[in-house]
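If you read the sequence shown in the UniProt record's numbering, its first letter stands for residue 1, the second for the next number, and so on.
Derived by calculation from the structure, the hints in this document are not laboratory data. Please read all numbers here as calculations on a predicted model, not as lab measurements. Fair warning: there could be bad hints in the mix.
Here are the simulated EDC-like cross-link-like pairs (lysine to aspartate or glutamate), alpha carbons at most 16 Å apart as the crow flies [to be verified]:
#1 K364 x D333
#2 K217 x E204
#3 K254 x E272
#4 K21 x E94
#5 K195 x E94
#6 K137 x D156
#7 K98 x E22
#8 K189 x D85
#9 K188 x D156
#10 K297 x D402
#11 K281 x E218
#12 K84 x D156
#13 K98 x D46
#14 K150 x E74
#15 K230 x E218
#16 K165 x E148
#17 K508 x E560
#18 K364 x D317
FRET-style restraints, in silico, Cβ to Cβ [to be verified]:
#19 D402 x A191: 37 to 45 Å
#20 Q331 x L151: 50 to 58 Å
#21 N282 x I260: 20 to 28 Å
#22 T164 x K358: 47 to 55 Å
#23 K509 x T366: 44 to 52 Å
#24 Q114 x Y65: 38 to 46 Å
#25 D95 x G202: 47 to 55 Å
#26 V406 x Y65: 20 to 28 Å
#27 N63 x P483: 44 to 52 Å
#28 E148 x D95: 43 to 51 Å
#29 P91 x V406: 28 to 36 Å
#30 E272 x Q114: 51 to 59 Å
#31 H37 x Y65: 28 to 36 Å
For each residue, glycine too, the CB sits at the ideal point set by N, CA and C.
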Amino acid sequence: MRRGLTELIEQPASDSGGLLKECLSEFNTPILPVRKHDGSYRIVQDLRAVNKVTEDLYPVVANPYTLLTCLTPELTWFTVLDLKDAFFCLPIHEDSQKIFAFEWENPKSGRKSQLTWSVLPQGFKNSPTLFGEQLAKDLESWEAPPEEGKLLQYVDDILIATRTKEACVAWTVSLLNFLGLQGYRVSKKKAQVVKQKVIYLGYEISAGQRTLGQDRKEAICQTPRPQTVKELRTFLGMTGWCRLWIHSYGLLVKPLYALITNGNRNLQWTKEATQAFHQLKNALMSAPALGLPNVSKPFFLFSHEKQGIALGILAQDLGPYRRAVAYFSKQLDTTAKGWPGCLRAVAAVVLNIQEACKFTLGQKMTVFVSHTVSAVLEVKGGHWLSPQRFLKYQAIMVEQDDVEIVVTNINPASFLSGNQGEPVHHDCLETIEASYSSRPDLKDAPLDDAETWFTDGSSYVISGKRHAGYAVTTCRKVIESGPLPTDTSAQKAEIIALTCALEIAKGKKVNIYTDSRYAFGVEHGHGAIWKERGLLNSQGKNIKHSQEILQLLEAVQLPEQVAIMHIKAHQKVSSELEEGKSWRTERQKKQQKDIIRGLDNMVTKASALQGQNEKRFNRNIRNRIGDLKWNRLRNIN
Numbered sequence: 001m002r003r004g005l006t007e008l009i010e011q012p013a014s015d016s017g018g019l020l021k022e023c024l025s026e027f028n029t030p031i032l033p034v035r036k037h038d039g040s041y042r043i044v045q046d047l048r049a050v051n052k053v054t055e056d057l058y059p060v061v062a063n064p065y066t067l068l069t070c071l072t073p074e075l076t077w078f079t080v081l082d083l084k085d086a087f088f089c090l091p092i093h094e095d096s097q098k099i100f101a102f103e104w105e106n107p108k109s110g111r112k113s114q115l116t117w118s119v120l121p122q123g124f125k126n127s128p129t130l131f132g133e134q135l136a137k138d139l140e141s142w143e144a145p146p147e148e149g150k151l152l153q154y155v156d157d158i159l160i161a162t163r164t165k166e167a168c169v170a171w172t173v174s175l176l177n178f179l180g181l182q183g184y185r186v187s188k189k190k191a192q193v194v195k196q197k198v199i200y201l202g203y204e205i206s207a208g209q210r211t212l213g214q215d216r217k218e219a220i221c222q223t224p225r226p227q228t229v230k231e232l233r234t235f236l237g238m239t240g241w242c243r244l245w246i247h248s249y250g251l252l253v254k255p256l257y258a259l260i261t262n263g264n265r266n267l268q269w270t271k272e273a274t275q276a277f278h279q280l281k282n283a284l285m286s287a288p289a290l291g292l293p294n295v296s297k298p299f300f301l302f303s304h305e306k307q308g309i310a311l312g313i314l315a316q317d318l319g320p321y322r323r324a325v326a327y328f329s330k331q332l333d334t335t336a337k338g339w340p341g342c343l344r345a346v347a348a349v350v351l352n353i354q355e356a357c358k359f360t361l362g363q364k365m366t367v368f369v370s371h372t373v374s375a376v377l378e379v380k381g382g383h384w385l386s387p388q389r390f391l392k393y394q395a396i397m398v399e400q401d402d403v404e405i406v407v408t409n410i411n412p413a414s415f416l417s418g419n420q421g422e423p424v425h426h427d428c429l430e431t432i433e434a435s436y437s438s439r440p441d442l443k444d445a446p447l448d449d450a451e452t453w454f455t456d457g458s459s460y461v462i463s464g465k466r467h468a469g470y471a472v473t474t475c476r477k478v479i480e481s482g483p484l485p486t487d488t489s490a491q492k493a494e495i496i497a498l499t500c501a502l503e504i505a506k507g508k509k510v511n512i513y514t515d516s517r518y519a520f521g522v523e524h525g526h527g528a529i530w531k532e533r534g535l536l537n538s539q540g541k542n543i544k545h546s547q548e549i550l551q552l553l554e555a556v557q558l559p560e561q562v563a564i565m566h567i568k569a570h571q572k573v574s575s576e577l578e579e580g581k582s583w584r585t586e587r588q589k590k591q592q593k594d595i596i597r598g599l600d601n602m603v604t605k606a607s608a609l610q611g612q613n614e615k616r617f618n619r620n621i622r623n624r625i626g627d628l629k630w631n632r633l634r635n636i637n
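Generate coordinates for the entire structure from the input sequences, incorporating the hints supplied.
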């Protein structure tokens, strides 16, 4: 094998303008000879140590996932060019050459020396990015022939697409001459010149459609069942490249990813995983031809969610039918997986729209979904979603002029037939209310002819010491209030305040206002799910304040009728609410002033008794201060 590399190494090393030259370097990495199919050898240098200490460059290269969206059905003639030894076309600075040095022993003389690359080496992690950017820069200066056509570049692979055969010839000749003048070499073996069907990036491209190359499919399907996690990851990486062609890909691979998460290096294959492995291969071999997206025609997107995975089909009209452009499959994030089914459908629509926009490029798109996702987002989104996520979903679903959402009972299997489906009869809002509210008749709007109460809980620090308390009031009366342990958080205090109000309201008809978004969310959504899961959140971790939340969920059953509303703190509102909040603020200030006077008297007393049982009196004073300081002092004038 070493003799096989001699010609590759010594030939250029003897030439001062060659790829390799002798050097003396403090760096050294091994080389490995790899035999090609034709019996010749390729130099493979193990640059893992160099790559480990090299910062990644941002990959400014085309996205292969969406690259072919630039082709239109009218482009029917193609040329594919593959640059030979592409990286060797770019020289590297002399100061950087020593980094890529390796040891070489002449098999004839036995002389050892160090050689290094004068050009961009293969195996260096930033080589594809550097080369792709330079080639793209050079291609900008190429003047294409006047005939209509399109040029696509992915690293060193170039595709020409034109309307006519003559135009394809003109573009090909012009580009070959340009590349030669720029110092690039084209592989004659791999060139596909002026054809109506070509293989590009492993895809078979023809007029208006793309299919998976047969060689790629066979290579994947001949892969034996993986025995280690590394082998399974490699297999999933190969199939993941083809996921656009596989309907419900995320569901198929879910049992396989479960094998990886078990944590064993050697895989323990289950019956379900084995079945998924074979189903994935079958789906790959029967993968359909996908249409090339035509941005002059509208798009149709069918979206649904299953087992925490957003599934979608993007299609366009083809005569009386619809032809698939892409199949989407993406996991919901951990938080979204813990939502009710109707809200998971909202998350799935958002993910599918984001993926589809990479193909539609602003063209009108109609989204078919079996849930009233817009109404769910508007009415229930604020209870379940963070403000940032809510605004993001709203921008994608509501504020995009090119997106129209249609609610229908259409089945994914019949989607491509052109069937529009029937109007949906499932009421998402009622389902969420019935399934996830802490009691079925709990309202978030005021009841008629009911008492109106306000709750508040607080936790704050004064003079380095924390104090906490709670209160339940009407517009003009404190119903109940009291201090809480010093380690009580504000969130916990709000839960205790609302629990107290519900217990006092036993058998009554009452409207309760809280300024705690968290306590409101527990009653109207999260609490019931947490209780069902055994007080675990969507990540499987124990929730905070679990005992207080259980007491709150039990207390909400006590009133005859109850409505719990959220009211923003420190905001002006009208009528009774404004009066209640204003009175509560004045009442708190009066109580706070009484506290301050009590504290002043205690300090005076402490000074008079200084030296007489000082420790006992100081401890007594500290305890009394803790009893008095449950009210909020932060708003004192």
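Hint check:
1. Distance hint between K364 and D333 is unfulfilled; the C-alpha atoms sit about 27 Å from each other, more than 16 Å.
2. Distance restraint check for K217 and E204: the Cα-Cα separation of roughly 11 Å lies within the 16 Å cut-off, and the hinted pair is therefore satisfied.
3. Distance restraint check for K254 and E272: the Cα-Cα separation of roughly 10 Å lies within the 16 Å cut-off, and the hinted pair is therefore satisfied.
4. With a CA separation close to 11 Å, the supplied pair K21 and E94 stays within the 16 Å bound.
5. Distance restraint check for K195 and E94: the Cα-Cα separation of roughly 43 Å exceeds the 16 Å cut-off, and the hinted pair is therefore not satisfied.
6. Of the supplied pair hints, the one linking K137 and D156 holds, its CA atoms being roughly 13 Å apart against a limit of 16 Å.
7. Of the supplied pair hints, the one linking K98 and E22 holds, its CA atoms being roughly 10 Å apart against a limit of 16 Å.
8. Restraint check: the Cα-Cα separation between K189 and D85 comes to about 13 Å, which is no more than 16 Å; the hinted pair holds.
9. With a C-alpha separation of about 14 Å, the suggested pair K188 and D156 falls inside the 16 Å cut-off, and the hint holds.
10. Of the pairs offered as hints, the one joining K297 and D402 holds, with about 12 Å between alpha carbons and a cut-off of 16 Å not exceeded.
11. Only pairs whose Cα atoms come within 16 Å are accepted, and K281 paired with E218 is accepted, the gap being roughly 9 Å.
12. This hinted pair checks out: K84 and D156 have alpha carbons roughly 8 Å apart, not beyond 16 Å.
13. This hinted pair checks out: K98 and D46 have alpha carbons roughly 15 Å apart, not beyond 16 Å.
14. A threshold of 16 Å between alpha carbons decides the hint, and for K150 with E74 the separation of about 11 Å falls inside it, so the pair holds.
15. The suggested pairing of K230 with E218 is violated, with an alpha-carbon distance near 21 Å, which exceeds 16 Å.
16. Using a Cα cut-off of 16 Å, the hinted pair K165 and E148 holds, with the two alpha carbons roughly 11 Å apart.
17. For the hint linking K508 to E560, the alpha-carbon distance of about 5 Å falls within 16 Å, and the restraint holds.
18. Taken as a hint, the K364 and D317 pair is honoured in the structure, with Cα atoms around 13 Å apart against an allowance of 16 Å.
19. Taking 37 to 45 Å as the suggested C-beta distance range, the pair D402 and A191 conforms, at roughly 39 Å.
20. Remark: the range hint 50 to 58 Å for Q331 to L151 is contradicted by a beta-carbon distance near 35 Å.
21. Against the hinted window of 20 to 28 Å, the Cβ-Cβ separation of N282 and I260 comes to about 22 Å, which satisfies the hint.
22. For T164 and K358, the hinted distance range of 47 to 55 Å is not satisfied, since their beta carbons lie about 29 Å from each other.
23. At roughly 46 Å, the beta-carbon separation of K509 and T366 lies within the given 44 to 52 Å, and the hint holds.
24. For Q114 and Y65, the Cβ-Cβ distance of about 42 Å falls inside the hinted range of 38 to 46 Å, so the restraint holds.
25. A C-beta distance of roughly 38 Å is found between D95 and G202, which places it outside the suggested range of 47 to 55 Å.
26. A hinted range of 20 to 28 Å for the beta carbons of V406 and Y65 is consistent with their spacing of about 27 Å.
27. Checked against the hint of 44 to 52 Å, the C-beta distance between N63 and P483 comes to roughly 60 Å, which is inconsistent with it.
28. Our hint of 43 to 51 Å for E148 and D95 holds, since their Cβ atoms are close to 46 Å apart.
29. At roughly 57 Å, the beta carbons of P91 and V406 sit outside the given window of 28 to 36 Å.
30. The hinted window of 51 to 59 Å between E272 and Q114 holds, with their beta carbons roughly 54 Å apart.
31. Take H37 and Y65: their Cβ atoms lie about 29 Å apart, and the range 28 to 36 Å holds.
Going down the numbered hints, you'll see the structure goes against 1, 5, 15, 20, 22, 25, 27, 29, while the others check out.
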